[in-house]
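Whole structure, please, built from the sequences with the hints as guidance.
Residue numbers for the sequence shown follow my numbering, beginning at 73 and rising by one.
Rather than coming from a laboratory, the hints here were simulated on the basis of the structure.
Accuracy of the hints is not assured; some may be wrong.
Stated by the list, open to error - Below, a list of computed lysine to any residue pairs in the SDA-like style, where the Cα atoms sit at most 20 Å apart:
{"#": "1", "residue 1": "K242", "residue 2": "F232"}
{"#": "2", "residue 1": "K116", "residue 2": "K273"}
{"#": "3", "residue 1": "K148", "residue 2": "S215"}
{"#": "4", "residue 1": "K116", "residue 2": "T226"}
{"#": "5", "residue 1": "K116", "residue 2": "G336"}
{"#": "6", "residue 1": "K148", "residue 2": "R212"}
{"#": "7", "residue 1": "K116", "residue 2": "Q268"}
{"#": "8", "residue 1": "K148", "residue 2": "T226"}
To be verified - If you anchor each label on the Cβ, the simulated ranges turn out as follows:
{"#": "9", "residue 1": "Q408", "residue 2": "F232", "range": "47 to 55 Å"}
{"#": "10", "residue 1": "D354", "residue 2": "E228", "range": "26 to 34 Å"}
{"#": "11", "residue 1": "R346", "residue 2": "A236", "range": "12 to 20 Å"}
{"#": "12", "residue 1": "R199", "residue 2": "K116", "range": "15 to 23 Å"}
{"#": "13", "residue 1": "Q295", "residue 2": "K239", "range": "25 to 33 Å"}
{"#": "14", "residue 1": "N390", "residue 2": "R274", "range": "41 to 49 Å"}
{"#": "15", "residue 1": "D192", "residue 2": "E278", "range": "31 to 39 Å"}
{"#": "16", "residue 1": "D309", "residue 2": "D284", "range": "52 to 60 Å"}
{"#": "17", "residue 1": "R387", "residue 2": "E228", "range": "32 to 40 Å"}
{"#": "18", "residue 1": "D192", "residue 2": "N283", "range": "25 to 33 Å"}
{"#": "19", "residue 1": "R342", "residue 2": "Q408", "range": "44 to 52 Å"}
From the three backbone atoms N, C-alpha and C, an ideal C-beta is built for every residue, glycine too.
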Amino acid sequence: MSMARVQVLPEVLAHKIAAGEIVERPASVVKELLENSLDAQSTKIVIEADNGGTSRILIRDDGVGMSPEDARTAFKHHATSKISTFDDLLRLSTLGFRGEALPSIASVSRMRLRTVARSDDGGQEPRPGTEIVFEGGNLRSESEIAWPAGTEVTVEDLFFNVPARRKFLKSIPTELTHVTRQIMSYALACPNVEFQFTHQKRGVIEATRSNDLGERVYQLFGQDFLANLVELDYSNDTVRIHGFTSLPHEQRSSAGSQFLYVNGRSVSDRVLTRAIRDSYQDLIPASVYPVVILFVELDPTEIDVNVHPRKTEIRFRNSSPVYTGICQAIERALVQGKASFSALSRSIPGSQLQPMFGKERPWDIQTPAGHPFPDRY
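In C-alpha cells, the structure reads:
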C-alpha cells in the first residue's frame, strides 16, 4: 500500500508561507502597522527604526486601542473588526480588512504589543492595558500593564527564523529608502494625522497635523518642490480627481515620484499610470516621469480591493471614467499652469533628472530650509 503524498502542512510552516505573501521586507511591516493605526482613528503616529527596520521597528499611536480580549484575538489569522460579511468588501472604508497583519508579522519576528482600549464614554478612569509578546509565532507572555493610551507595536529581528528570506533583504540604506517612502505615502494620504519618524534616533520625518494637502507636501519635500506642482481638481458624475501634478520641466528618472491613491488607499494600478503617461506623452520624453500626487475618489462599490494579499492592487468595475477623468484633470491643470511654466522654462537651462526614490537614497531630496536629509540619518 503506497503512502499518501499529499499532506497537510504543519501549522508553523503554513503560517511562515502565508507571512511571505504579506511581509516582504521592513517596509511591509511598516505598511501593515500604519494601516492598523490609521484604522484605529489615530491622530498622531510615532515610528522608530534601527538598521533600516531589519533589527527594530516601533510604531506607537493614540488610537482607540484594544481590550485584552481583542488584543488576544488580533493575533489569530483572519480575525478582524473591519468586516463581518463578504458584502462588506463592496463598501469598504478601512485600509485593512483581512485580519492577517499581526499574526503574519508575529510569525517571522519577535513582536511585542502594548495597548489599552479607549473609554467609550470618555471617562477619565484609567483602564488596565495589555502586553502580549510573540516570538516566531509562539506566544511567550501576556500580562496586564499600565498603558496611557493607544497601541504600541515593536517588531525586532525580522525574519530571524526564516534565514532564506532574511538573506534577500537589501542594504540598510535601501531598506530605509523603502520604509521612508512608505511612511511618506501615508503621510500624504492623511495630512490630518501627525507623523514622526526617527532612524537610529535621528529625525527623518516630522509632519504636523494639517487640513491642507499642500502644507503636507511642503512639510515632506519643501517649498521649491511644491512650487513646481500644479493643483488637480476635477470631478464628473462618476469620479473625483484631486492632488498635484508637476509642470513638464519637473521630471524624474523613475516612477517612484508618483503617489497614487484610490479612496485613500495607496495603489499601484495600470489604469492610473497609463492615464498619467498618456497625459504627458507630448510634453516630456518617454524615458522620464512627472511628479504626481493623485487622489481618485469614487463609489466603493465600483472597485474591488480584494485582489492581492498586499492590498496594493485594485480592479475597477469600469475603468473608462477613471482614465478619462485623470487625463482631463491633468490637462486642465497643465493648461492653467502653462504661463508659469513658460516663465520658468526661460530661466532653466535644461531638465535635470533627479530620481526621488529609486537606487538613490532618500536624503537626495531636500526638505524645508534647514532640514536636509543628510544630517538626519
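Status of the hints after comparison with the structure:
A distance of roughly 15 Å separates the Cα atoms of K242 and F232; the hinted pair therefore holds under the 20 Å criterion. Taken as a hint, the K116 and K273 pair is honoured in the structure, with Cα atoms around 18 Å apart against an allowance of 20 Å. With a C-alpha separation of about 18 Å, the suggested pair K148 and S215 falls inside the 20 Å cut-off, and the hint holds. For the hint pairing K116 with T226, the CA-to-CA distance comes to about 17 Å; that is within 20 Å, so the pair holds.
For a cut-off of 20 Å, the pair hint linking K116 to G336 stands: about 18 Å separates their Cα positions. Taking the CA atoms of K148 and R212, the gap is near 15 Å; set against the 20 Å cutoff, the hint holds. For the hint pairing K116 with Q268, the CA-to-CA distance comes to about 8 Å; that is within 20 Å, so the pair holds. Between K148 and T226 the CA atoms are separated by roughly 18 Å; this keeps the pair inside 20 Å, and the hint holds.
Checked against the given bound of 47 to 55 Å, the beta carbons of Q408 and F232, roughly 53 Å apart, stay inside it. At about 51 Å, the beta-carbon gap between D354 and E228 misses the expected band of 26 to 34 Å. For the pair R346 and A236, the supplied restraint of 12 to 20 Å is violated, since their beta-carbon distance comes to about 36 Å. Distance hint check for R199 and K116: the Cβ-Cβ separation is about 20 Å, which falls inside the suggested range of 15 to 23 Å.
The hint said 25 to 33 Å for the Cβ distance between Q295 and K239, and at roughly 42 Å that hint is violated. N390 and R274 have their C-beta atoms about 47 Å apart, which keeps the hinted 41 to 49 Å range intact. Range check, D192 to E278: Cβ separation about 32 Å, and the 31 to 39 Å hint holds. For D309 paired with D284, a C-beta distance near 27 Å fails the hint of 52 to 60 Å.
A hinted range of 32 to 40 Å for the beta carbons of R387 and E228 is consistent with their spacing of about 36 Å. Separation of D192 from N283 is about 27 Å and conforms to the stated range, judged on CB atoms against 25 to 33 Å. Taken as a hint, the range 44 to 52 Å is violated for the pair R342 and Q408, whose Cβ atoms sit roughly 27 Å apart.
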